[in-house]
Amino acid sequence: MRERPAWATGVCAGLYAAGCRDAVYVPDNQLSHVLAEIGERYRDVRLALATREEEAVGIAAGLYLGGRRPAVLLQSSGLGNALNAVTSLVVPYQIPMLIVVSMRGDVGEWNAAQVPMGRAVRPILDAIGIAHATIESPADAERIVALTAATAFGTRMAAACLVPRRITSAPAP
Amino acid sequence: MTRADAVARVAAALGRDALAVACNGMIGRELFTRADAPTRFYMIGSMGLAASIGLGLALVRPSRTIVVFDGDGNVLMNLGAIANVAAAGAPNFHHVVFDNAAHGSTGDQRTISDRVRLEDVARAAGYRRCARVSTPEALDEALAAWFEAPGPSMLLVAVDRGNLPGIGRVELSPAEIAARFRAVCTSS
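So the protein sequences, as listed, match chains Y and Z.
Just so we're aligned: the first sequence equals residues 1 to 173 in my numbering.
Just so we're aligned: the second sequence equals residues 1001 to 1188 in my numbering.
Calculated directly from the structure, the hints in this document are not laboratory data.
A quick note: this is a predicted structure, and the numbers were derived from the prediction, not measured.
Where a beta carbon is used, it is the ideal one built from N, C-alpha and C, also for glycine.
Just to be clear, a hint being listed does not mean it is correct.
[Unchecked claim] With the Cβ distance kept under 7 angstroms, some of the chain Y side facing chain Z (calculated, not the full set):
no. : residue
1   : 13
2   : 32
3   : 52
4   : 55
5   : 58
6   : 66
7   : 67
8   : 89
9   : 93
10  : 95
11  : 107
12  : 111
13  : 114
14  : 115
15  : 116
16  : 117
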């Protein structure tokens, strides 16, 4: 079996350490490593598939209101789909969640359709007041995800952890 | 039947522990004005997501009855939620749709729910029970035991267009709504 990339095992360890036992997701290629790791190694984490990212944020809001600490896993393109839910539900109601963003459109991209949103992710998050951090190396992933989650649940705001393509597109060791 | 009357009748049929999520617009304002309680979550934006919030809640609180107060415009904005609710099959999830075939909160512009019957969509997706009622008597009869039988269910209530003059707004801040609701969701 091909070894799972270190960034993906780090993301899972970080969200688990932060107390997330629910992950609502719309998958992409890169996130499939995270989903597989959760499915295999973190059996007590509930995975919930959404039809689109806006819905994922809604389901995560329901999970939080029910007492959980939800994570949302999505691709940068999907952050665009989720924006109204973030700005009119998550922010005003102070509903915290960890958002893990698999980045597209940054260095290493081949698909022109991914570039505009990929470039806009950080300015958009800044404009709507969502704290964000970028994983700079695979070894950093666990710590950055855990810190981002601590920010989210400590401040009762969503916080986003961005996983750049230069990390996710590297071949597994 | 007016929508405000229908909303009040459904609210009166809820058990004390039932948790209600109301969509944005007039439906939430009517529920707040007629039957506010800490067990109600009122949306003021994020149109279309009431059912998604209800689904998350149903998954994590399987012993509580979850009732989503929704509108036809809201349901149509997020039809994927119907598919996901059906796929999850949560027996404690109940969808009540107040259908006036119009965007009643923004000037009664017509929707397409007069041509696409939403209870048929829910049935086709896999909701366990679906029904349409259009009179107060039929609504009360359906409500007598509706929330005791397993869901996912959709009760579609056909209502008249038009809004109550002078209906109030939800007076709590969004953060207060969430904090109050979360406290009762996690209390048992």
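Results for each hint:
Interface hint status for residue 13 of chain Y: violated, as the beta-carbon distance to the closest one in chain Z is roughly 23 angstroms, over 7 angstroms. Hint on residue 32 of chain Y is violated. Least Cβ distance to chain Z is approximately 20 angstroms, over the 7 angstroms limit. Checking residue 52 of chain Y against chain Z: minimum C-beta separation of about 6 angstroms stays under 7 angstroms; hint holds. At about 5 angstroms, the closest approach between the beta carbon of residue 55 of chain Y and any beta carbon in chain Z falls short of 7 angstroms, and the interface hint on this residue holds.
Residue-level restraint check for residue 58 of chain Y holds (minimum Cβ-Cβ distance to chain Z is 3 angstroms; threshold 7 angstroms). Interface restraint check: residue 66 of chain Y against chain Z, minimum CB-CB distance 4 angstroms, threshold 7 angstroms, status holds. Of the supplied interface hints, the one on residue 67 of chain Y holds, with its beta-carbon coming within about 4 angstroms of a beta-carbon of chain Z, less than 7 angstroms. With a least beta-carbon distance of about 4 angstroms to chain Z, the hint placing residue 89 of chain Y at the interface is held under the 7 angstroms criterion.
Satisfaction of the interface hint for residue 93 of chain Y is found here, the shortest Cβ-Cβ separation to chain Z being roughly 4 angstroms, below the 7 angstroms cut-off. Residue-level restraint check for residue 95 of chain Y holds (minimum Cβ-Cβ distance to chain Z is 6 angstroms; threshold 7 angstroms). Given the 7 angstroms rule on beta carbons, the hint for residue 107 of chain Y is violated: about 33 angstroms separates it from the nearest Cβ of chain Z. For residue 111 of chain Y, the interface hint is violated, the least distance from its beta-carbon to any beta-carbon of chain Z being 24 angstroms, above 7 angstroms.
With a least beta-carbon distance of about 22 angstroms to chain Z, the hint placing residue 114 of chain Y at the interface is violated under the 7 angstroms criterion. Annotation: interface hint on residue 115 of chain Y violated; nearest CB of chain Z at approximately 26 angstroms, more than 7 angstroms. Here the hint on residue 116 of chain Y is broken, as its CB sits about 24 angstroms from the closest CB of chain Z, past 7 angstroms. The beta carbon of residue 117 of chain Y comes no nearer than 20 angstroms to any beta carbon in chain Z, farther than 7 angstroms, and the hint placing it at the interface is violated.
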